[in-house]
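Residue numbers (numbering that gives the first Met the number 0), protein chains in the order written: chain A, 0 to 312; chain B, 0 to 233.
Worth flagging that the hints you see were computed from the coordinates, not collected in a lab. Treat the numbers as computed from the prediction; the structure is a model and nothing was measured. Take the hints with a grain of salt, since some may be wrong.
What the hints assert, rightly or not - Restraint ranges, calculated between C-beta atoms of paired labels, are given here:
1. B:Y133 to A:K138: 37 to 47 Å
2. A:S137 to B:A41: 29 to 39 Å
3. B:G219 to A:R22: 49 to 59 Å
4. B:Q27 to A:D9: 31 to 41 Å
5. A:I17 to B:V167: 48 to 58 Å
6. A:D57 to B:G219: 23 to 33 Å
7. A:G218 to B:Q173: 47 to 57 Å
8. B:G219 to A:G218: 49 to 59 Å
Here a beta-carbon is modelled for each residue, glycine too, at the ideal position from N, C-alpha and C.
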Amino acid sequence: MGTAAIELRDVSKRFASILSLDRLTLRVEPGTVFGYLGPNGAGKTTTLRVLLGLVRPDAGEVRVLGLDPRSEGKAVRAALGVLLENDGLYDRLTAAQNLEFYARIRGIDGAERARRLEEMLRACDLWDRRGDRVVTFSKGMRQKLAVARALLHRPRLVLLDEPFTGLDPVAAAELRANIVALAREHGITVLLTTHDLAHVERSCDRVAVLRAGAVVASGTIEELRAGGKDEEVGVGGAGLTEDLLAAMKADGLLASYALDAARSPPWARVTCAHGQRPMLGAELVRRGVALEELTTLRASLEETFLALVGGSP
Amino acid sequence: MNEALTVLRKELWEIAGERQSRRGGLVQALVIVVVMGILYPASTGHFWRANHPIAIVYFAFFPGMLAVTVAADAFAGERERRTLETLLATPLGEWAILAGKAAAAIVWALSVTVVAFACALVTVNVTGREPGLYLPSAVLVAGTFLGALASALLLTGIAILLSMRVAVARSAQQMTALLGLVVFGGVAAAWVALGLPLTWPNVLGAEVVLCALGVAALAGARAGFRRDRFFETR
């Protein structure tokens, strides 16, 4: 395996009596859009600060693009683009001045700076408002400008903390498409924290769920949904009875079932015993069920997320 | 150096961007120009013409107070406006951030001093009864701007030190103003206690000492500036 874009190994950080990160281990491969999920206070912001070298972990190893933020913080921060929890824009400055300030910090000079500023301001539909002070902007306009600032220097890795906050559905969908394009077309790695699971579902290649400072699950969204459990299947058809399902369970074909006999035809939610899913349809037919429905039931990402972090819907 | 200039430019843009605020820095600067450039020299024109150090006493105090409003905002203000974390997440060096912010406060104070001094010269010429054009001596000019620099340096250093440690800019501003009064009051008291005559060599010497104290305060601020200190609480 090559160098990870982000690698944290057994990272811990305590603030007074609060353990913010608890032996956190996380690996983000280059060129992926990685969703970093967790309830408020789970340690997401602390993780981002550790990656930026703004918080020194008490223990563990951190590598960002192969660099250690503790000893090579300047190089790490030069390689990253960030949009933190607050947009960090200067209200008294105009949109163009905000971008120019950050372009100068990034060493983008002369004609290239002017060209890049125009490109970014046009991309976020703020070219006509470039001379207006940011204090006059709506939340959505601010957010778009802050994203433009994060991408101004074409970073290899972008950290986006709640980037969809305040955006209308159209703007959010545009941003989501841009984020995916960054990874697909330019190979940029994106670490994305958000509470909006619909965006995660549509944009992230992999996700990690954080609870109390530790990763409780990680993988693709499908892997998270499965959660290591056997698949749930909805089956329906005449002949589906309590006795038949009990017999299948006794024969070791089903792990569990819940029959709704009142429906017509009868319908049941069943969980196959490990490895039995491919045979389920044939077995039901063999036992005399006139099978009309056989559907894999997918838990929503929200249900999965709530189950992982101990919340209730 | 480029990094510090980038921060300086941004700070000056921010000062200029306050122009729509009635309580903005420009209003305060205007008040100081009126006091230092018109009201005070109108009543002390004879000291200017006599080349007496008392003529420039306000110039060794007010520029520092002007610098405080900018310097106190350096970190506490950015924290209040929630821009500090994004700034610290850039590759800017700590020294560049500090130097840029301190330079903005000092440049701002000295710029207002230049305007006030020019106004003062006009006022002395317009209000004076003596014939002929009044032009200040080289020592008066040097004393004016060294005094302005000394007060701006010292109060900027103190304000930045405090700005790193308090939650809101107004607290840093008030505490620095109070400390400034103590420092300048202490200098005046020591002057009287030592029985020092108010001569140019003594005034210039005191201004150099205040400059050195200002540099020491800035060095202290630099020593205490570490990014992770701003995030020691969750």
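Taking 47 to 57 Å as the hint, is the beta-carbon distance of A:G218 and B:Q173 inside that range?
holds (54 Å)
Holds or violated: the 37 to 47 Å window for the beta-carbon distance between B:Y133 and A:K138?
violated (57 Å)
Between B:Q27 and A:D9, does the C-beta distance stay in 31 to 41 Å?
Since the Cβ atoms of B:Q27 and A:D9 sit about 53 Å apart, the hinted range of 31 to 41 Å is violated.
Is 23 to 33 Å right for how far apart the beta carbons of A:D57 and B:G219 are?
holds (28 Å)
Range hint compliance [Cβ, B:G219 to A:G218, 49 to 59 Å]:
Because 50 Å falls inside the window, the suggested range holds.
Between A:I17 and B:V167, does the beta-carbon spacing fit 48 to 58 Å?
Violated - the Cβ-Cβ distance for A:I17 and B:V167, about 24 Å, lies outside 48 to 58 Å.
So the hint says 49 to 59 Å: do the beta-carbon atoms of B:G219 and A:R22 match that?
violated (38 Å)
Is it true that the C-beta distance of A:S137 to B:A41 lies inside 29 to 39 Å, as the hint says?
Taking Cβ atoms as reference, A:S137 and B:A41 lie about 50 Å apart, which means the hint is violated.
Going down the numbered hints, you'll see the structure goes against 1, 2, 3, 4, 5, while the others check out.
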